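Novice: Order-wise, the sequence lines are chains A and B. Read in order, the letters of the first sequence correspond to residues 1 to 196 in the numbering used here. Read in order, the letters of the second sequence correspond to residues 1 to 103 in the numbering used here.
No wet-lab data here; the hints were simulated from the structure. You can take every hint at face value.
Under the rule of at most 30 Å between Cα atoms (straight-line distance), these lysine-lysine pairs were calculated in the DSSO-like manner:
1) 72(B) with 140(A)
2) 21(A) with 25(B)
3) 79(B) with 140(A)
4) 186(A) with 33(B)
5) 140(A) with 82(A)
6) 82(A) with 188(A)
7) 63(B) with 85(A)
8) 25(B) with 79(B)
9) 85(A) with 188(A)
10) 82(A) with 63(B)
11) 186(A) with 63(B)
On a predicted model such as this, the values are computed, not experimentally measured, just so you know.
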Amino acid sequence: MEQENLSPEDSLQLIQSMIDKAKNTVADNSFYFLLWGWLVFSASIIQYILKVVLESPYHYLAWTLMFVGMIVSTLYGVNQHKKRKVRTYVEEVLNYLWIGIFVSYILLGFIFARLGWTNCFPFYMMMYSIGTFVSGRALKFPPLVWGAIASWILAVISTFTSYDANILLSSLAILVSYIIPGYLLKNKYRHMQLHV
Amino acid sequence: MFKDLDPILHSQLRLAVVSLLIGVKEAEFTFLKEETNATAGNLSVQINKLKEAGYIDVVKQFKDNYPQTMCKITPAGVKAFEQYVKNLHSYLSVDVAKITSRK
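Whenever a hint applies, use it, and build me the whole structure from the sequences.
Specialist: Shown next as structure tokens:
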């Protein structure tokens, strides 16, 4: 890009094109949605099989899969942080949001361990929606918003159903709020990279 | 003709750098280089001019043993950019509010 005399029209065009470029630099967050989506989905299905089909008293051990998510997320996050050449305000706010959600999940685990797990699923389904909803609005990506709304509806429904049914409802909630929007988000970023 | 336009910003590369930085929290030198297609030498000179004018902050640090230069627009830079766009508006009969509101 050489220096030269700019007309006001050229200046405006340049400002517009640079602002557009900066707008398209939001990092691909789909990895986290897919990682946690598939881990929670798998844990729900494994717990259901252990509890309902095999009648094992150790069905809750299926959720130890979450430790895999913590390790993989941390390693991936550190690696991505090093790679990023630009930081946007939206990314920073979303990072803090997800840290807050992560701490809340850990606290929910502590709270239910103290008070009993019987009614845990409506709360978890409600939690799935928060990060998805805010991310969807911030990234202007409606599938995340619709997934969040669907998971909120499932959270209400789960207050009318049994614990066993709620395990399956939880897997459905994570499918609509993390997994499906996660794949759509991944496709969007792939498409954006091809056309930048 | 363009006496009201800030001479620091009224240069293709410096305006491109400020326009990129106005929408982000901070950006690496390499990001600015890729997006503006400028040479490292020219970009470095223009970044120094913006820094001397107080429009951007430049922090040099090491990341994994490699030098890294982070650039960030300052409040004075934001003000100067807004004034520059306003002055452009006085030359043109177009609505630039659309552009500034998108940052």
